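Novice: Model the full assembly from the supplied sequences, consistent with the hints where possible.
The residues making up each chain are set out below.
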Amino acid sequence: MDMSFILVQILSGLTMATLLFLVASGLTLIFGVGNVFNFAHGSFYMLGAYLAYQAASVWHTNFWIATIVAALGAGVAGMLAEWLFLRRIYGRSEEGGFQILLTYSFILVIDDIVKLVWGTEYKSLLRPPGLTGSVQVFGVTTPTYNLAIIGIGLAVVVLAWLILSRTRPGKVARASALDREMLSAMGVNVPLTMTLVFGIATALGGFAGALAAPLRSVTPGAGIEVIIDSLIVVVIGGMGNFWGAWLGALILGEVMAFAVILVPEWAVVISYVVMVLTLIFKPEGLFAHSKVRKV
Amino acid sequence: MEPILVLDKVDKSFGGLRVTAGVSFSVEAGSISAIIGPNGAGKTTLFNQITGYLVPDRGRIVFQGQEITGLSTQDIVRRGMGRAFQITSIFPEESVLDNVRLACLSRLGQSNNPIRGIVNFKEATAKAYTILESIGLAEHSDRLALELSHGDQKLLDIGIALGLEPKLLLLDEPTSGMSPEERQLTRDLIARLWREFNLTLIFIEHDMDTVFGIAQTVRVLQQGRLLAEGTPDEIRNNPEVITAYLGEDLE
Amino acid sequence: MGSIKSYMEAAFWALVFLAFALLPLSKASDYQLMLAGHILVWGLFAVSFNMLWGGTGMLSFGQALYYGLGAYSVGIVFKYWGDGWFLPAMALGILCSIVLAILIGLLIIRVGGVFFTVMTLAFGQLAWQITFRWYGFTGGDDGIQGIIPPGILGNRIAYYYFTLVLVALSIFLLRRLAVSPMGLTLRCVRQNPDRVRFLGQSVKRSQLTIYVISSAFAALAGGLMAGVDNSIHPNMLYWTTSGEVILMSVLGGIGQFFGPFIGAAALIIIEDIVGARTEFWPLIVGIIMMVMVLLFPRGLVGEARKLVSRFRTRVPERG
Numbered sequence: 001m002d003m004s005f006i007l008v009q010i011l012s013g014l015t016m017a018t019l020l021f022l023v024a025s026g027l028t029l030i031f032g033v034g035n036v037f038n039f040a041h042g043s044f045y046m047l048g049a050y051l052a053y054q055a056a057s058v059w060h061t062n063f064w065i066a067t068i069v070a071a072l073g074a075g076v077a078g079m080l081a082e083w084l085f086l087r088r089i090y091g092r093s094e095e096g097g098f099q100i101l102l103t104y105s106f107i108l109v110i111d112d113i114v115k116l117v118w119g120t121e122y123k124s125l126l127r128p129p130g131l132t133g134s135v136q137v138f139g140v141t142t143p144t145y146n147l148a149i150i151g152i153g154l155a156v157v158v159l160a161w162l163i164l165s166r167t168r169p170g171k172v173a174r175a176s177a178l179d180r181e182m183l184s185a186m187g188v189n190v191p192l193t194m195t196l197v198f199g200i201a202t203a204l205g206g207f208a209g210a211l212a213a214p215l216r217s218v219t220p221g222a223g224i225e226v227i228i229d230s231l232i233v234v235v236i237g238g239m240g241n242f243w244g245a246w247l248g249a250l251i252l253g254e255v256m257a258f259a260v261i262l263v264p265e266w267a268v269v270i271s272y273v274v275m276v277l278t279l280i281f282k283p284e285g286l287f288a289h290s291k292v293r294k295v
Numbered sequence: 001m002e003p004i005l006v007l008d009k010v011d012k013s014f015g016g017l018r019v020t021a022g023v024s025f026s027v028e029a030g031s032i033s034a035i036i037g038p039n040g041a042g043k044t045t046l047f048n049q050i051t052g053y054l055v056p057d058r059g060r061i062v063f064q065g066q067e068i069t070g071l072s073t074q075d076i077v078r079r080g081m082g083r084a085f086q087i088t089s090i091f092p093e094e095s096v097l098d099n100v101r102l103a104c105l106s107r108l109g110q111s112n113n114p115i116r117g118i119v120n121f122k123e124a125t126a127k128a129y130t131i132l133e134s135i136g137l138a139e140h141s142d143r144l145a146l147e148l149s150h151g152d153q154k155l156l157d158i159g160i161a162l163g164l165e166p167k168l169l170l171l172d173e174p175t176s177g178m179s180p181e182e183r184q185l186t187r188d189l190i191a192r193l194w195r196e197f198n199l200t201l202i203f204i205e206h207d208m209d210t211v212f213g214i215a216q217t218v219r220v221l222q223q224g225r226l227l228a229e230g231t232p233d234e235i236r237n238n239p240e241v242i243t244a245y246l247g248e249d250l251e
Numbered sequence: 001m002g003s004i005k006s007y008m009e010a011a012f013w014a015l016v017f018l019a020f021a022l023l024p025l026s027k028a029s030d031y032q033l034m035l036a037g038h039i040l041v042w043g044l045f046a047v048s049f050n051m052l053w054g055g056t057g058m059l060s061f062g063q064a065l066y067y068g069l070g071a072y073s074v075g076i077v078f079k080y081w082g083d084g085w086f087l088p089a090m091a092l093g094i095l096c097s098i099v100l101a102i103l104i105g106l107l108i109i110r111v112g113g114v115f116f117t118v119m120t121l122a123f124g125q126l127a128w129q130i131t132f133r134w135y136g137f138t139g140g141d142d143g144i145q146g147i148i149p150p151g152i153l154g155n156r157i158a159y160y161y162f163t164l165v166l167v168a169l170s171i172f173l174l175r176r177l178a179v180s181p182m183g184l185t186l187r188c189v190r191q192n193p194d195r196v197r198f199l200g201q202s203v204k205r206s207q208l209t210i211y212v213i214s215s216a217f218a219a220l221a222g223g224l225m226a227g228v229d230n231s232i233h234p235n236m237l238y239w240t241t242s243g244e245v246i247l248m249s250v251l252g253g254i255g256q257f258f259g260p261f262i263g264a265a266a267l268i269i270i271e272d273i274v275g276a277r278t279e280f281w282p283l284i285v286g287i288i289m290m291v292m293v294l295l296f297p298r299g300l301v302g303e304a305r306k307l308v309s310r311f312r313t314r315v316p317e318r319g
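Chains as they are written, first to last, in my numbering: chain X, 1 to 295; chain A, 1 to 251; chain C, 1 to 319.
Everything labelled a hint here was simulated from the structure, so no lab data went into it. A quick note: this is a predicted structure, and the numbers were derived from the prediction, not measured. Virtual Cβ for every residue (Gly too), placed ideally from N, Cα, C. All the given hints hold, so there is nothing to weed out.
Restricting the straight-line Cα-Cα distance to at most 16 Å, the calculated cross-link-like pairs of lysine to aspartate or glutamate (EDC-like) are:
| no. | chain 1 | residue 1 | chain 2 | residue 2 |
| --- | --- | --- | --- | --- |
| 1 | C | 306 | A | 147 |
| 2 | A | 167 | A | 196 |
| 3 | C | 204 | A | 75 |
| 4 | C | 306 | A | 93 |
| 5 | C | 5 | A | 142 |
Partial pick of chain A residues on the chain C-facing surface, computed with a CB cut under 7 Å:
| no. | residue |
| --- | --- |
| 6 | 77 |
| 7 | 78 |
| 8 | 83 |
| 9 | 89 |
| 10 | 93 |
| 11 | 98 |
| 12 | 102 |
| 13 | 103 |
| 14 | 105 |
| 15 | 106 |
Specialist: Dropping the structure here:
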């Protein structure tokens, strides 16, 4: 095992980590701000991939426009889901359980709507022209597109950091110990916030789905694996902890990159093992300061 | 006789806020006493520390001669301490009888064991009925707890605590939210329960009629510290206490 | 809660039992018998699941793990050692489930809430991944076919009665548990966990106990199903299986002990009628779930009961 091999894997892991982060950050955002676990988060990721496919491969728009379409589409879908349905169960006793069930039903509905509209064959989305080749980095060859993803991810992280630390909404979002009642007492328009947060989170997920589409084919059923991966990231990083999601994604991305090469059949199991270990030793997440909240 | 409860320089802070400031006092076994103080004085927080829900930063709490500082609520309760809550804490979807019966079963230590619990069911049921009769809810025993009036729910809360056969019973604002007639009835009931069940009783109250009506000793908290301690008359005439309650009705 | 009501309830369920018992003697086809067997097995699975959620507020999205473990114990033992070990294999499946439930329970019950639910999902998926990929041992996506129980149980009707008796017995035991002091404690844990602690009880210990019991019966259901379908497949461990048992409970009513059984029967029958005609069965399931959660959270049985008790008077205010 030489340096160049390791470098290639590290870069590959970074790409994976970026995509994981984009999805998981949305999940943790919704939970941290609104105390909702969006079980269907992976489905919005999948929806984004299909919307990007529709825009780029069917309507022949520019790739980057397609990703915007994906993000907007997923964001709007998320806001509708929250506004029309999820909102009606806030404050119910056993809300946590019903949240899970309602968002679970979203998975079933979104999955089949996708099948209805686009059929079940694998769709493919091409990389944008200009990013189709590979490039030399630190002496190793790596696909340009993968690097672009890493770059985009960094941009999102910087943007997120600016928003979270400089703006009031950002600071509210960071205080992950808040719940809806406290937010309301602070003068925040809770219903609007919930819808917006949902929209931003699902938009991020849809964006990730679009970015990931050229790397894997676009298929129905991608949702559940994504949610499990996001869950593992969020467990490692701490539920509701935004920066934890970033570090968790980094750890999982790198672990998976190496696992996929070294033990391909069992790589997925490795990711579960990491999660179980975290649960045993630090259930509130490696980077959390507060205990996991009960719903 | 040795006091049943001793607090020794109990101290607790949340962040920069000192909610309990070096509180020390002893409670005689079999006595009935009140803790009063303006809002925010730290009365419920003190109860929470005595019952193990919170752990003091400093100081000791001794119950029946044994130190209980830092023990879990479950352990403390099993040693004979009971509590009724400011915001009524009952099991709304269960029957009134079951609410108390669960406490009696817990006392017999069997409700966590599927088989032995059934054997002691009769005894627990009998005890539950006795308690319900004492607090005047026997006629509602089959109703769901959520169907009771607010005042009756507060009584049920006390009933659940009694099911544990506690030696020391802490009542947190037992008459809050009640009409004057209800308060009178509750006052008499508390005095009667105190005698009937051989309890040591400490209650937090804002209603001065209740405090001066039935308490033998009154302790005043202000901003986390023990301001004064004495008989109702002593407290009523204590200038510091009067100042602390400026604007509030002491009569 | 008068005793007339409970006599009526008992009578109702006696009739249900009788109906199931008489089914093979009527002109029911093999297919209908299998359907009835499915209702029995899923009914047990759903009732045992609901001991966790309706019974004590723990929503597990991973009971398929134990269900599948029970089924695969039977299937794998059958595959390698033949039908003689069928019954011991069922017992083995239950035993393994108990051990696994203790381990997993100790790990995740302490965090509780939504987190508990997604953890159960994750463990369930892990089990599915292992079963799906371990082609050499489990047969992977092919599953295991041709599982015929030994001796007289090889007869379809005899096995049906075997299933009926075990299911009825299990549900009876679970019912005794639900109305026992332990059941009361668990229900109270859902309603007011803090007060339960103030009764000197360990909430976590009660929760672990019921988690293990529920999982053991899920494994029994899985083992029985292996004989009803004569085959097993990794799908039995997939998260949608966990989702189905949850839906059955929600459909029937999580606040009712027998609700999930009714929900299981309803869903299986609906699936038989509708599901066969469309490839969009998941969409229909999703919509049913949404309707139930948003509009009828008490489930069929719960909503029916509510209608009946609308005529109950409230206790008048004091004084």
